[in-house]
Amino acid sequence: MLRKLFKFHGGVKPQTNKTQSTTEPIASVPLPDRLVIPLHQAVGGHPRPLVQPGDHVLKGQRIGGADGNLSSAVHASTSGIVRDVAQAVMPHTSGLTTLSVIIEPDGEDRWCELEKVNYRSTPPDELRDFLRDAGVVGLGGAVFPSYAKLKPGKEGKLKTLVINGAECEPFITCDDMLMRERASDMLKGIVAMRYMLQAEEVLIGIEDNKPEAVASVQAAIKASGETGIEAVAIPTRYPAGGAKQLIRVLTGIEVPHGRRSTDFGVQCFNVGTAFSIFEALEHGRPLISRLVTVAGNVTAPRNYDVLIGTPMDHLVRLAGPRPDTDRYIMGGPMMGVRMPGFDVPVVKATNCVLVGSATMFPAPPPEMPCIRCGECAKACPADLAPFEMYWFSRSKNFGKAQEYHLFDCIECGCCSFVCPSHIPLVDYFRFSKSEIWSREREKESADGARDRFEFKNFRQEREKQEKAEKLAAKAAATREKVATEGAATPAAADGEAAPKPKPSGDDAKRALIEAAMEKARQQKAQVAPKNTDHLAPDVEADIAAIDARRNAAPARAADTPDA
Amino acid sequence: MNNSPFVRKAASVQSVMLQVLLALVPAIAAYVWFFGAGILVQLAIASAAALAGEAAMLAIRGKPKALFLTDLSAVVTAWLIALTFPPIAPWWLTVTGTLLAVVVVKQLYGGLGQNPFNPAMAAFCLMIVAYPALMSQWPAAGQLDFKTQLDLIFGGLRQVDAITGATPLDALRTALRSAANPDSQLHGLRTSQLMDGPAFGLLGGKGSEWIALGYLVGGLWLIRQRIITWHIPAAFCGALFASALLLWGMRPDAFASPLFHLASGGAMLGAFFILTDPVSGATTPRGKLLFAAGAAIFTYVIRSFGAFPDGVAFATLLMNILVPLIDMKTQAPVFGHKKD
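Residue numbers (the numbering used here), protein chains in the order written: chain A, 2 to 564; chain B, 2 to 341.
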């Protein structure tokens with residue numbers, strides 16, 4: 002029964018604060034007056050709106066269609082009238098807006114007609130399309146479209162399917178409560194996933210501070226009679242719930258940055274995602290709600306089943322926020338993001354609304370210089386040397402920062418957590434990453450411009466040459482004509498000798514140069530891997546916010562007269 | 002800007018430095034026990050000079066004074082200087098050394114965290130080059146009462162040559178060289194016979210070996226507190242032991258034993274308190290091993306073949322120079338890129 006577990010390097014043990022929100026069962030939330038449903042909630046393309054203001058929608062009706070080869074649909078969370086399709090503030094620190102569908106519920110909460118599939122007999126390809134249209138995305142926080150991950154690797158099958166119930170972030174207990182209350186349905190979702198992935202074994206990793214969840218899942222497995230599925234209690238150590246860390250703990254495999262885990266015969270899904278997959282396949286219900294923990298500075302921390310689009314303050318009111326509340330954090334205290342206001346909507350990525358105050362999360366003591374004590378390196382679960390990356394980030398030596406594997410950083414916050422000098426290390430790394438992203442995009446557009454310029458040069462050169470050749474041919478024809486007409490004036494033909502066509506050596510040279518340039522371009526592309534592909538909405542918002550600031554900066558500088 | 006994490010461990014530079022100071026207490030206690038309370042005066046002088054120098058430099062550099070004076074890093078430097086200088090050094094020698102360390106070696110390079118050299122060891126090297134005689138006069142255990150020590154520290158006549166001798170390291174090296182000389186009275190005597198004098202104890206110098214034990218105890222506590230890791234002390238002691246064993250094994254009549262080397266001079270202080278300074282030392286696990294082993298070999302060579310009473314200070318500075326290179330070349334593979 003005892004499985005060999007592996008360790009990941011580093012990690013920290015912050016106070017878990019989980020017991021407060023698990024005393025009561027999952028509760029439902031009364032319908033709010035207004036639902037704000039952002040269309041772009043998942044990694045990948047922006048879904049296009051399928052409804053217009055004034056339309057009546059039913060619960061579960063698609064309002065945003067998947068767009069492009071990596072995208073996920075969005076649905077109305079309840080029945081009602083579409084009041085607007087407009088920009089609304091998204092749940093991100095930047096306060097940026099995103100195209101959202103605003104629905105006024107009619108109170109009937111009437112479902113549209115739901116399609117169902119038999120997931121035991123339908124081919125996996127059709128199931129994937131079905132899940133894409135059901136808007137199922139990873140609910141662990143990464144919101145990656147699940148259908149895109151439900152493909153086995155090249156071999157057509159998978160060794161291990163890892164289900165992530167570790168939930169290592171302090172305060173958050175939505176996965177815990179899901180496993181306690183809905184284990185058997187979740188398990189059916191897991192069985193469907195195992196079928197789609199042709200996985201040999203399934204390991205459900207749960208931190209050992211959740212014995213009730215472990216017992217509940219084990220009981221559900223036993224009751225289902227399924228074999229090859231095991232619920233494994235793993236040591237409680239943040240960030241054991243990071244996908245890579247959990248895969249490491251359960252299988253010993255380390256999936257490097259930028260590689261697919263299926264290449265290593267393993268794939269990882271959150272327990273909440275498994276439940277959503279069950280809901281979609283079994284009942285045809287798209288992803289329109291999720292479990293959200295409301296915790297922190299509230300009198301009654303608890304988990305709620307929340308419709309996507311519900312304003313956070315509507316939800317938090319139920320848990321009794323204390324008067325000194327000054328912020329909502331989406332997520333936990335280690336990786337969560339501070340919300341720009343209280344009325345931003347709950348989205349698919351919202352696992353927790355952590356209510357905070359200045360006394361609960363005090364500002365850090367003043368930042369001191371780095372003393373290279375190496376605590377951050379000891380705590381880093383990605384085996385990085387944060388203090389070196391900090392040094393390079395500070396001096397804006399981004400190339401060096403990348404050499405020290407900046408993009409392997411998962412921003413778990415362990416380094417900032419332990420730093421005796423109170424340096425906000427993760428902020429420095431986020432800054433460096435966004436600078437690099439922005440430069441890459443600038444370079445991309447510059448590359449595009451250069452390519453166009455080079456092509457123009459090439460075209461002009463070619464046209465010139467064609468013209469010259471044409472002239473030469475004409476001249477030759479004339480010469481021939483003259484020659485055939487009479488040999489009386491041979492000297493004249495010599496005198497107006499046609500411009501010689503360029504020697505063919507020139508063409509070869511140009512081909513060589515172009516080949517070399519192409520090679521250099523490819524090499525450059527290899528050296529600097531693109532970090533700008535497939536970003537989560539919050540990361541894109543980060544970049545947009547920084548771009549906006551950057552664009553504003555020169556304008557400000559111009560406004561200000563010389564000091 | 003997003004500023005997670007919103008929670009932090011209760012750790013600070015101040016608490017790190019405070020624990021280092023606490024770890025020095027056992028050795029200081031042994032020091033007082035065997036050599037008298039003069040060392041406490043030296044510790045006080047050095048601390049005062051360090052804080053004054055730091056405060057002045059912070060004022061000039063426009064840095065927050067309260068924040069940096071209370072981080073205790075200057076006090077750690079001061080204590081290390083007091084503990085490595087002779088306990089009867091005149092007050093101005095201690096003050097000059099401390100100011101050099103804090104003002105020049107630390108603050109002029111950018112203050113806390115920025116100094117490429119270990120401030121205490123740089124000060125020691127500068128002073129021993131500038132004042133070789135004053136820096137080489139060490140009283141024997143129990144030789145001087147407190148009043149005499151105060152007289153020596155705060156001026157008056159310095160007839161020190163009459164009352165003090167060299168360190169045990171120095172004494173044994175000189176004796177071994179004499180023993181190798183056919184004209185000397187000591188010719189032909191064995192190491193154990195040379196160490197029969199009142200200056201020597203069980204393993205090293207009389208009294209000073211107990212101070213070394215104090216450093217060992219404090220250092221082990223620092224490892225337990227996770228302030229330092231085992232790498233540097235283990236590699237330093239191991240490499241020093243191995244170097245000494247090699248030559249002593251070949252010619253026991255001409256070289257001191259490995260245990261003598263470990264118990265004498267600044268070996269234990271260096272292993273647990275000097276080389277483990279994170280700012281000027283190597284930071285990667287493999288780098289720490291290389292760094293400390295290199296320092297041990299330099300220490301042994303300087304002790305055995307050089308003219309200075311000890312080699313730890315020079316060895317530390319030599320290895321400090323190599324730290325950027327060592328760190329760069331010993332970065333551990335990151336997650337997913339390991340060979341196993």
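Rather than coming from a laboratory, the hints here were simulated on the basis of the structure. Certain hints may be false.
Pairs of lysine-lysine, DSBU-like flavour, derived with a Cα cap of 35 Å [what the hints assert, rightly or not]:
#1 B:K339 <-> A:K379
#2 B:K148 <-> A:K397
#3 B:K66 <-> A:K520
#4 B:K66 <-> A:K8
#5 A:K401 <-> B:K66
#6 A:K5 <-> B:K66
#7 A:K158 <-> B:K339
#8 B:K339 <-> A:K160
#9 A:K152 <-> B:K339
#10 B:K339 <-> A:K401
#11 B:K64 <-> A:K5
#12 A:K401 <-> B:K330
#13 A:K444 <-> B:K64
#14 B:K64 <-> A:K379
#15 B:K10 <-> A:K444
#16 A:K379 <-> B:K148
#17 A:K397 <-> B:K330
#18 A:K14 <-> B:K207
#19 A:K8 <-> B:K64
#20 A:K155 <-> B:K64
#21 B:K207 <-> A:K379
What the simulated footprint calls covered on chain B by chain A, stretch by stretch (three residues with Cβ under 8 Å from a Cβ of chain A suffice, anywhere in the stretch; the number is not a length) [as the list claims (entries may be wrong)]:
#22 10 to 20
#23 113 to 124
#24 307 to 318
Just so it is clear, CB atoms sit at the ideal spot from N, CA and C, and this is done for glycine as well.
Worksheet item: Does the structure keep K207 of chain B and K379 of chain A at a Cα separation of 35 Å or less?
Response: 40 Å, violated
Worksheet item: Is the straight-line distance between the alpha-carbon of K158 of chain A and that of K339 of chain B 35 Å or less?
Response: Holds: K158 of chain A and K339 of chain B sit about 25 Å apart, inside 35 Å.
Worksheet item: For the pair supplied as a hint, K64 of chain B and K5 of chain A, is the alpha-carbon distance within the 35 Å limit?
Response: With Cα atoms ~53 Å apart, K64 of chain B and K5 of chain A exceed 35 Å; violated.
Fill in: Hint consistency between K339 of chain B and K401 of chain A [alpha-carbon to alpha-carbon, up to 35 Å]
Holds, at about 20 Å.
Worksheet item: K379 of chain A and K148 of chain B: Cα distance at most 35 Å?
Response: This hinted pair is violated, its Cα atoms lying about 49 Å apart.
Fill in: Straight-line alpha-carbon gap K401 of chain A to K66 of chain B, limit 35 Å
33 Å, holds
Worksheet item: Holds or violated: are the alpha carbons of K401 of chain A and K330 of chain B at most 35 Å from each other?
Response: 14 Å, holds
Worksheet item: Going straight from one Cα to the other, do K339 of chain B and K160 of chain A come out at no more than 35 Å?
Response: Roughly 21 Å between the alpha carbons, so the hint for K339 of chain B and K160 of chain A holds.
Item to complete: Compare the distance between the alpha carbons of K152 of chain A and K339 of chain B with 35 Å, and conclude whether the hinted pair is satisfied.
Response: 27 Å, holds
Worksheet item: Given the hinted pair K8 of chain A and K64 of chain B, is their alpha-carbon gap at most 35 Å?
Response: Outside the cut-off at roughly 43 Å; violated.
Worksheet item: Does K444 of chain A lie within 35 Å of K10 of chain B when you go C-alpha to C-alpha?
Response: Given pair K10 of chain B, K444 of chain A is violated - Cα atoms ~40 Å apart, limit 35 Å.
Worksheet item: Is K5 of chain A within 35 Å of K66 of chain B, Cα to Cα?
Response: The given pair, whose Cα atoms are some 53 Å apart, is violated under the 35 Å limit.
Hints 2, 3, 4, 6, 11, 13, 15, 16, 18, 19, 20, 21 and 24, counting from the list given before, are not met by this structure.
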